[in-house]
Amino acid sequence: MQSSSAAPAHHAPGVPPVPTVAAHFASLDVQQHAARLGMWLFLATEILLFAGLFVCYANYRFMFPEGFAAASRHLNLVLGTVNTLVLITSSFTAAMAVHYAKEAKNRQVVVMFILTILMALGFLVIKYFEYSHKIHVGQLPGPYFTDTEPSLQVPGVPMYFTIYFLSTGLHGFHVIIGMIVLTWVGLKANRNEFSARNYTAVELGSMYWHLVDLVWIFLFPMLYLI
Amino acid sequence: MSPSSSSIAAEPGAVPAPGEHHDHHPSYLVDGTTVKSWLLTLDHKRIGVMYLIWVLLFFLVGGIYALVVRLELLTPGPTIVDAMTYNRAFTMHGVVMIFLFMIPAIPGAFGNFMLPLMLGAKDVAFPRLNLLSLYLLLSGAAIAIWGMLNGGMDTGWTFYTPYSTHTTTTVAPILFGAFIIGFSSIATGLNFIVTTHTMRAPGITWFRMPLFVWAMYATACIQVLATPVLGLVLLLVVGEQLFQFGIFDPARGGDPVLFQHLFWFYSHPAVYIMVLPAFGVMSEVVAAFSRKNIFGYRAVAFSSLGIAFVGFFAWGHHMFVSGQSTFNAGVFAVLTMLVGVFTAIKVFNWVGTVYKGAVDFKTPFAYFCGFLYFTVFGGMTGVAFATASLDVPWHDTYFVVAHFHFIMVGATIMAFMAALHYWFPKMFGKTYHEGWGLVSAALIILGFNATFIPQFLLGNAGMPRRYYEYPERFQTLNVASTTGATLLAFGFLITAIYLTYSLVYGEKASSNPWNSRGYEWLTESPPPTHNFIGPQPVYTDEPHFYVDREKAEVPDAV
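From first to last, the protein sequence lines stand for chains A and B.
If you're matching positions, the first sequence starts at 1 in full-length UniProt numbering and goes up one per residue.
If you're matching positions, the second sequence starts at 1 in full-length UniProt numbering and goes up one per residue.
One chain only, chain A, in its complex shape (with noise of 0.2 Å):
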């Protein structure tokens, strides 16, 4: 008997080891079919708790249309618009993943997802140009606001940046905690894990990473554009 968890150690080199099913499972395709579910359910909460943001900024922009329109007019378009090519394009190197790992091609697993990863992080550095450009300013949630630009001495523009920060900063987290899984499942390919029976870690983190791109396609029309 051995541990679930554990990853198969000896394997010949190329081989794509036997995919392990856990004792309490009657079988591969029920263990990976409940995987798969869990992880949707999983990606519903997400969705859910993003979605509160969302009726906050909704309810605040009925309270103040015309503090939001104007603060959002000093959101910068370019950046923003970069870093949404980028997530799109990390979501395809995602799907990619999964695409090679059908075919247990776990090089090219690795590679798709050091491709995502560093765009991850290419996100994350417009992100910190964005951020220190408005920390600089003065454009802060709240009480912390001192920009004294005269457009944006409107009523509603601190509620403004107080939204901005709290929804791109847990999506900003959520980046993050999709970069560590990605690496984290990125590991296993590169111990040659996956083949035709056995690719559900690839695309279950793949789904998360979906979920961070689905998410940041609409903070961007929400913050940016309207």
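It cannot be assumed that every hint is accurate.
Claimed, not checked - Capping the alpha-carbon separation at 25 Å, the derived lysine to any residue pairs in SDA-like fashion look like this:
no., chain 1, residue 1, chain 2, residue 2
1, A, 102, A, 19
2, A, 127, B, 239
3, A, 127, B, 235
Stated by the list, open to error - Have a look at the derived ranges for each label pair, beta carbon to beta carbon:
no., chain 1, residue 1, chain 2, residue 2, range
4, A, 132, B, 166, 45 to 53 Å
5, B, 515, A, 29, 31 to 39 Å
6, A, 155, B, 82, 54 to 62 Å
7, B, 334, A, 114, 50 to 58 Å
Hints were generated in silico from the structure; no laboratory data involved.
Just so it is clear, CB atoms sit at the ideal spot from N, CA and C, and this is done for glycine as well.
Given chain A, put chain B in place with the hints provided.
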């Protein structure tokens, strides 16, 4: 590490072998006796037992706070504590009872133990997540209790802003504790949904699942879909408390009513997180002790889902006096009353089950009788509250307190006690003394009535909830209520004594002491580590099939 954590490397698609022990099957209680084998177990039964121990402890803590509140209200003026301590006591009574007892109690203890057994599974789908969920609950509790001991909180369990962001008491750690407890709740719900979908034994179709499983499934859907919103709003309040963002503070342009919307979007469905498992327990108990097939199986199963669904659209009835429009109030009133329709379906089916049944009046059935009464009485006052015009005079009076204690606490406590007695032989392999069971059930039901019926009257007479002092004309009823609370505490004390005694000195229980037809009784008492000896069972009979419809006779023991 317990044997359940091990796995076998199987050929893809192969059915795993039953395990290493072919001739010797120790029960889950004695399979590994070290402390570590309990604390790090992945066995859903041991996790269920640990949940049981902890929720009972939290129940004691919450109960002590309740007694402080009741003793304080014995006299119109100051009695045993000062006003601030009183505020902290009723807040902590609410927080502990709701987040640490009512929500995790039945799903955590009995759901964890029974759900896989009832589905013929060896464990829940994600055993590690299951253990994590227990430790998340305990970490959240530890942080909240740390906050309690370092200043406490005086906002009431609803944490209404902007007061909760301005009070000088320690709000942040307690809210953060509740946030972590929310993760525990999500993890349990997610696990149960996946287990129900993927791990049913051959023969268990969706419409042959025990009704307790249906109720746990509906509960899990609410846990997964509502809790994240509570998590977000608690985070926002903590952020606001620490950084004064002003998101809920009207002085900074924020909107405190938005907090109420987000808070009740979780906290109203949370009522059904508490009572749906109770309904599930009672569906099992009523069939087992009436010796009769459950009446209207599909209606009972679907009404659980109906309550879960409608429960998401009823939050606005908490906000009839928040300045919402008359139109909104009307819509929320009607949606709230729909909950009553689904609950009535259940109540009528339970009564239909008892009708012409061969009633075996054991302790769980005594609790069923109390449960039926609390559900109907509490539910009817709920329909009254859903009527916006009636809600306005009763709002924030003791009538609310009495109403939600009847439906939410009364019904859930009855089900918790019924489950504890019904499944005690299965969980611990021991029987308890039936006479003491009936005596304490009578005391608890009587005590509950004596505590909260005076509060209905107090509320109707206009006494506001949460007040420290009150006019003298309310004193008689307050004394009556405190007397009832004492009786209630005494009933629980007796239960604690004889159940602990039975654990050690009780007679050994047979595998099916109630002659029940529930699937969980098909295995040993207490069950072996992998739940069943030999290969996975195949089910050919329905879970509530007590009477052969053709022959219409009560069957013998299984």
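**Item:** Contradicted hints - numbers only
**Value:** 4, 6
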